[in-house]
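Engineer: Residue strings, one per chain:
4 protein chains.
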Amino acid sequence: MASTYGNNIKITIFGQSHGPAIGLTIEGLPAGMAIDEEALRTFMARRAPGGSLSTPRKEADEVEFISGVYQGRTCGVPLTAVIRNTNVRPQDYSSLHLIPRPGHADFTGHVKYGGYEDPTGGGHFSGRLTAPLCIAGALCMQLLGEEGIAVGAHIVAIGQVRDRLFDPIAVNANDFTAVKKHELPVMDEQQGIKMRSAIEQARAGGNSLGGVIECAAVGLPVGLGDPMMDGLESRISALVFAVPAVKGVEFGSGFAGSALWGSQNNDAFYVQDGQVRTRTNNHGGILGGISSGMPLIFRAAVKPTPSIAHEQNSVDLQAMQDATLKVTGRHDPCIVPRAVPVIEAAAAVAICDAFLEQKKYR
Amino acid sequence: MASTYGNNIKITIFGQSHGPAIGLTIEGLPAGMAIDEEALRTFMARRAPGGSLSTPRKEADEVEFISGVYQGRTCGVPLTAVIRNTNVRPQDYSSLHLIPRPGHADFTGHVKYGGYEDPTGGGHFSGRLTAPLCIAGALCMQLLGEEGIAVGAHIVAIGQVRDRLFDPIAVNANDFTAVKKHELPVMDEQQGIKMRSAIEQARAGGNSLGGVIECAAVGLPVGLGDPMMDGLESRISALVFAVPAVKGVEFGSGFAGSALWGSQNNDAFYVQDGQVRTRTNNHGGILGGISSGMPLIFRAAVKPTPSIAHEQNSVDLQAMQDATLKVTGRHDPCIVPRAVPVIEAAAAVAICDAFLEQKKYR
Amino acid sequence: MASTYGNNIKITIFGQSHGPAIGLTIEGLPAGMAIDEEALRTFMARRAPGGSLSTPRKEADEVEFISGVYQGRTCGVPLTAVIRNTNVRPQDYSSLHLIPRPGHADFTGHVKYGGYEDPTGGGHFSGRLTAPLCIAGALCMQLLGEEGIAVGAHIVAIGQVRDRLFDPIAVNANDFTAVKKHELPVMDEQQGIKMRSAIEQARAGGNSLGGVIECAAVGLPVGLGDPMMDGLESRISALVFAVPAVKGVEFGSGFAGSALWGSQNNDAFYVQDGQVRTRTNNHGGILGGISSGMPLIFRAAVKPTPSIAHEQNSVDLQAMQDATLKVTGRHDPCIVPRAVPVIEAAAAVAICDAFLEQKKYR
Amino acid sequence: MASTYGNNIKITIFGQSHGPAIGLTIEGLPAGMAIDEEALRTFMARRAPGGSLSTPRKEADEVEFISGVYQGRTCGVPLTAVIRNTNVRPQDYSSLHLIPRPGHADFTGHVKYGGYEDPTGGGHFSGRLTAPLCIAGALCMQLLGEEGIAVGAHIVAIGQVRDRLFDPIAVNANDFTAVKKHELPVMDEQQGIKMRSAIEQARAGGNSLGGVIECAAVGLPVGLGDPMMDGLESRISALVFAVPAVKGVEFGSGFAGSALWGSQNNDAFYVQDGQVRTRTNNHGGILGGISSGMPLIFRAAVKPTPSIAHEQNSVDLQAMQDATLKVTGRHDPCIVPRAVPVIEAAAAVAICDAFLEQKKYR
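Protein chains in written order, with the working numbering: chain W, 201 to 562; chain G, 201 to 562; chain B, 201 to 562; chain Z, 201 to 562.
Heads up, a few of these hints could be off.
Because identical chains cannot be distinguished in the list, a pair is counted as satisfied if it fits within a single copy or across any two copies.
Subject to a maximum C-alpha distance of 20 Å in a straight line, what follows is the list of computed SDA-like cross-link-like pairs (lysine to any residue) [what the hints assert, rightly or not]:
| id | residue 1 | residue 2 |
| --- | --- | --- |
| 1 | Lys-526 | Gln-464 |
| 2 | Lys-380 | Gln-390 |
| 3 | Lys-559 | Gly-314 |
| 4 | Lys-560 | Ala-234 |
Simulated from the structure, these hints should not be mistaken for laboratory data.
Assemble the whole structure, with the sequences as input and the hints as a guide.
Structural biologist: In structure tokens:
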């Protein structure tokens, strides 16, 4: 089984990179939401390829709502959106069926599906499948926005170039706007320029880079999320790890916090303007799986794009012997910039799911 | 909603720290499994308090199977196990209802449940609730063991004391046995001794420490897990983050890998004895959410125990004004050692869930 | 997998008839509900054996809440209730393992679980497992009651003795009270007396009888339930068919309505006191899976108790040859009276699940 | 939430009658199934309108697989199929928004979705949404067929004209073939002719008829299904009640059986050719929710089509006053014939779900 997530906002993502279409079904959106097509387009454009830093594959990513919308508004029933795949070049991948690309799902998918997998462009495992997740994210952000909740992310590292983190106490929606003004969504534009150089160097060398994305959600009421398996960390990480190439997720002070004393890592409570707040935010806005009202903050580690132009060692799965492989086709030297809205989308869907859960009890 | 996990192995954990009992229901275990009570007791004992490094609270953790077992074997229907809470001292927590402990779920639970939460000992949020997870883990490990799959974990850091990692290529069940021979489950006993000192120092200072646990699963066939939201990373992280105090999870090269070149992080395939293997294991045994047959490896960051003996700043939730708090009661200065089997249990349940999923298609 | 139901109110039932205990876990109840122990006891007593018409097996059915309750109120986390099995006599069933009782799950359970099933008293398949469902029902009825929704049922047939149906337009909570005043919950006490005679005749002849139960829910707002697979008919029937011995469920005019003209079966709308109502109620309060505000009405067919004192033809599963069987032990000649609250419970849980679903969108 | 079903075969149905498209996503089909397009087309044609007895609306029902298929075979990932709506005439329904059609979901949908529902042609509530269910059914039948399991249905009543039932002991796949040879799928062609007359009479009178469909599945192994909420009756009824207009479901002897003595209704076991069978089949092939190996048999009551040409009493929802309504547009006087494959599809999906569940444990 596969590609379904959520209890209250339930999404099912379908499609293959070079099949007829990709898309998703979302259940649980309230009826009457006016689809903000402009906001959707803007959001999708952030994920779309085409910038000077990414793959030359042009994907129009035109979203068609084939279910769940009536006269421009959600009508309460399952919403299905599809994006036709127009610019497919399956021949680029014709040899992959037998010689799996290192770092990709070619090998594992081949074994899992007994040789019946769709090998073209990664099939259902392609990064292209994050486009439908962005549709879900845009709609959930619209819903959360009406409740005063905003979600935003930025790049904190590309390769070994690092930018500073969000201020875990003061981060707000203005920061989300500010980072988008740069070519790369960073806090410090100087670091963004260095990141751009690093990416261009990777491209020139036929190599690739990964990085780290930090995401925050602000405006959450206290009380979203549930204990144990439905805690916010569990809900969010389950969806963030569904994004191809993510190999690590940490909340608040995360791995660094695990090296501190308790007296350093604990966040003292205080009252301000009738609200309970914490002086520091090592807990990343989540205590016991439940939102504390402080900014929710997490970081995702994105591995370097496995598609590189170098000749690599692999195996011939039919002959079962060693082989070499040179990946051609169109690929990003670094998908981190395009992954930023995808991480936001994952966070927005997970938070929206917890938000609707909590609405039952108010 | 809360405390349910899984599609094929479905677990529901219930109970409060100082309520009548804690326990769980597991659905999906095959009928006819002889419950290995000795293995269960041994496994539970690793989580139990009582060592010189942990809380003096004595919990017998006697497991009673009240459903799903007949004549010592699983009988196919929901298995329910309960552990009576015998050594409860609710008065230790009598003041917590109004002055939440920093780093705990007291505040978020209070708001979420409108003041009706069980505040004694953390209620359902207590680390004590990991005991039922260990029951599930022990049973799932038994099932996986029959398939040649073993799961083991060790401490790689306590505070700032670090041990070396598992060898990501060669790790095997012998390593799991070896680390258990030390007082703390570590690779290098010298580091274990330093960790012990650090914990004793924390206790002496009324403080606490966190750390990092590394877990591996070996013997997995290729093909477990599913793309996107049911990928192994999503399945495992959702359950690992359900363990109180876990704030980060990374697979394979994780955060460090995100700073490498693609050419460094990609794991080259080769054929050995008719099996496809990889020369390195930065992917942590998972490609596209699906097991590659290489050791599955992940690390979890555990925050320092929030219960410390220092006076801390907090708030009086009734008066809505600042207050101070001194936590009394019995607490571990470092729960990392006791969390090791819990992380193993989480991994075992998640892998077992994916294993049964795949059995449908063989 | 087995014994879990629901999306918003999620119940998991566990236990075997002659195991240590039976019980259930309910997730999704709001925090702060004062458990009405008296109402629970009264409700459970209607299902309990012990009347002159039922089995002499005495079951105290004492409910212990081991999770989810704090100081007499729900505290928001999974609620688990157990009933210890005290009066077990496994030897009564000692021969059933090999010679399955006709009409019972002995044979199918034996094959499904590979001979590892618990054969004593039907194990998990026993009617005794409806006691936990009644706990869930009582709690859900309490919740629905606060919203002005009442659920009630009565016997419309025992064998060939039939009573009249609820008035599908005018049925209300007073009817639910009225039917409980009779020895058997019927509309017309004269028919109840005939039913009692029929049951006594069955007992005298070592035989058994089935019947039909009608259940209504009143006070529902318009809009509960969802289209297609989460329609109220689907939700309710899935849980009602979980009650052992139920072999048919029909809503509104049901099977009889399928023989009418559309012009007869359609229910005309009209406005009364600012509310939309229907002149007739052949739709049983559900249109398109969604509540119409009219009384929700359904009937369940209960097969005759399969345990009869006659010698019956069966098979010896070990020798794989024909055999005869005489069931001893303590059995009801007719479980219909005791099934009445169980059907109410199933309806209450299903409606409560739909009710919480809809609360998300108000 | 809405339109998702199943644990192992998971289907999500989307679309509105007069929206751009209808379709579904199926998860859980094994990779490598060659899509039998001819069988699919034949199956879909049985549901399609166009015969002399049904609506003149012509729907091509051309199925496009946009996900999950590669080179004509399932490739293991979510399968999505869409049918474009080509012959839509929304103006036929332009007045329905305010004056709900009796017997339809217009009123309940309007209230549930706060006036934002898609009112054209019933929207998501339309019988047209059974076409995607038929796609799922055809694929599941193909899968079951490889295991020797066949599913078939016939009409047992149209209005007051009744045909005989399947022989509950001897029914087999030949019967399924035989009934399809008649214009209406019946056992006794003479009764089919009378049914046809009744339908023509209904059409002539601007009226409509309902009926009863009986469905059987043969070749099931013993052991499919699970106790309580995942019993076969629960699984099947939940999906059959998702079919618009179904208001009753009974298994085996059903409602009639509830009037028998236990000694009459119990089905005696015997051994034949090394197999356990029953002499009668009042249990409809299901004991304790689990298949017994005897033919699985159930009947579904279908209400008369609510769309009739008579003037009917309704309400003006805007003015909140009584009103009359005359439904125009293209409608079937009796949908029972077209519902036959839909009921088969529902049964096939539910059985397939239970079949894959059981495969985990073999």
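Engineer: For every hint, state whether the structure bears it out.
Structural biologist: Hints versus structure:
In this homomeric assembly, Lys-526 and Gln-464 come within 20 Å of each other (Cα to Cα) only across copies, at 16 Å, whereas the closest approach inside a single copy is 50 Å. Taking the shortest Cα distances, Lys-380 and Gln-390 sit within 20 Å of each other inside one copy (14 Å), while across copies they are farther apart (49 Å). Only between protomers do Lys-559 and Gly-314 lie at most 20 Å apart by alpha-carbon distance; the minimum there is 13 Å, versus 44 Å within a single protomer. Proximity of Lys-560 and Ala-234 under a CA criterion of 20 Å is satisfied inter-copy only: 18 Å between copies versus 23 Å inside one chain copy.
In this structure, none of the earlier numbered hints is contradicted; all agree with it.
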